[in-house]
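Chains as they are written, first to last, in this note's numbering: chain S, 1 to 116; chain G, 1 to 139.
The hints are simulated quantities; they were obtained by calculation from the structure and are not laboratory data.
This structure is a prediction, so every number in the text was calculated from the model and none was measured.
Treat the hints with caution; some may be incorrect.
Claimed, not checked - According to the in silico footprint, chain S covers these stretches of chain G (three or more CB under 8 Å from chain S):
no., segment
1, 56 to 63
2, 114 to 123
To be verified - Label pairs and their computed distance ranges (CB to CB):
no., chain 1, residue 1, chain 2, residue 2, range
3, G, R79, S, I5, 39 to 45 Å
4, S, G53, G, H38, 27 to 33 Å
5, S, A95, G, K138, 15 to 21 Å
6, G, H111, S, V13, 27 to 33 Å
7, S, L91, G, R137, 27 to 33 Å
8, S, W85, G, Y39, 35 to 41 Å
9, G, L116, S, L9, 37 to 43 Å
10, G, K107, S, G106, 19 to 25 Å
11, S, L90, G, F120, 34 to 40 Å
12, S, V24, G, C74, 20 to 26 Å
13, S, A55, G, G12, 25 to 31 Å
Ideal placement from N, C-alpha and C gives every residue a C-beta, glycine not left out.
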Amino acid sequence: MTDLILRFLLGGVIVSAFSVIAEVLRPKRFAGLFGAAPSVALATLPLTIHSNGAAYAATEARSMIAGAIAFLIYAWCVSRILIRWKPSTLLTTTALLPLWLAVAAGLYWLCLRGAA
Amino acid sequence: MSVSIHLQSLRGNTISEYVTRFAFGGAISVIAGLSAKHYGPVVAGLLLAFPAIFPASATLLADHEKQKMKKIGCDGTLRGRAAAAVDADGTTLGCLGLIAFGLIVWKFLPHHSAALTLLFATAAWLIISTLAWVIRRKL
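Isolated chain S, as found in the complex:
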C-alpha cells in the first residue's frame, strides 16, 4: 500500500511539473514536446528498480519504446484531425485513445509477446 501511495504522489508531482513547464513555454509547438515527457517513467522506474531490480526495469523500458511509437502515431493523428476537420479537442483526444491501445497491442503482439 505504501508503494502505491508513493507511486501516486511521485507520479502526480512529476506529471504536474512537466505540465507546468509546457504551459509557460513558447512557441506552442516547442511546448508540445513536453506532452511526451518521460514523466510517468521517471515516477515509476526508480521505485521499480528499488523493488524489482534493474533488469526488470530495463524490460519495462523496452516495452516503453512500443508505447512511445503508439503515442507518436496517436499524437500525429490528433494533430492532423484537429487541423483538417477542427472537431472538439476533448472529443478528438479521448476518441483516439483506443488507437494508442491498438498500436501498442499490435507492437506487443508482433515484437514483445513471449519476451521476458
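Could you slot chain G onto chain S? The hints should help.
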C-alpha cells in the same frame, strides 16, 4: 522564433486544473505499478508511454485560447483547436525523444548506475526532441 518563458500563462489556471493533472499523473503511475504486479514488466512497460495527461492538457490549452479570444469579443473556438493541433504536433516530435529515452534505459540500466542512466536518458529525450523541433521548423 526563439524559445521563451511566459509565467503569466499560469495566471488563468484554477486549482481544479492542477488537481486534475496531479490525479491523472498519479493514477497512471499506480496503474503501471499494478499492471507490473499482475501482468509482468512487458505489459506494464507499455503504460509508461500512455498519453494519460495529454487529453486533459490539450483540452485545457484549447479552452484557455478560447477564453483569451472571448475577452476581446471574438469566438476563439477554432483558434483554440488550432492551438491544440500545434501542441499535438509538438508532442509527436517529443515522442521521438521518448523512444530514445526507452532505448537508453533498456540498454544501459542493467550495466550502469540507475541514477546516471535515468539522467542520461532524460537529457537524451530533451536533446532528441529539441533537435526534431529545430529540423521541423526548417522544413
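Hint check:
Against chain S, the segment 56 to 63 of chain G contributes 5 residues with a C-beta closer than 8 Å to a partner C-beta. That satisfies the three-residue criterion, and the hint holds. Three residues within the 8 Å Cβ limit are the bar, and the segment 114 to 123 of chain G against chain S gives 4, so the coverage statement holds. As the Cβ distance of R79(G) to I5(S) is approximately 41 Å, the hint placing it in 39 to 45 Å holds. Restraint check, G53(S) to H38(G): a C-beta distance of roughly 18 Å breaks the suggested window 27 to 33 Å.
Range check, A95(S) to K138(G): about 33 Å between beta-carbon atoms, so the 15 to 21 Å window is missed. One distance hint, 27 to 33 Å for the beta-carbon pair H111(G) and V13(S), holds here, with the actual separation near 29 Å. For L91(S) paired with R137(G), a C-beta distance near 29 Å keeps the hint of 27 to 33 Å intact. Taken as a hint, the range 35 to 41 Å holds for the pair W85(S) and Y39(G), whose Cβ atoms sit roughly 36 Å apart.
The given range of 37 to 43 Å is broken by L116(G) and L9(S), whose C-beta atoms sit roughly 24 Å from each other. Restraint check, K107(G) to G106(S): a C-beta distance of roughly 23 Å satisfies the suggested window 19 to 25 Å. A C-beta distance of roughly 36 Å is found between L90(S) and F120(G), which places it inside the suggested range of 34 to 40 Å. Separation of V24(S) from C74(G) is about 24 Å and conforms to the stated range, judged on CB atoms against 20 to 26 Å.
A55(S) and G12(G) have their C-beta atoms about 46 Å apart, which leaves the hinted 25 to 31 Å range violated.
Violated hints for the displayed structure, listed by number in ascending order: 4, 5, 9 and 13.
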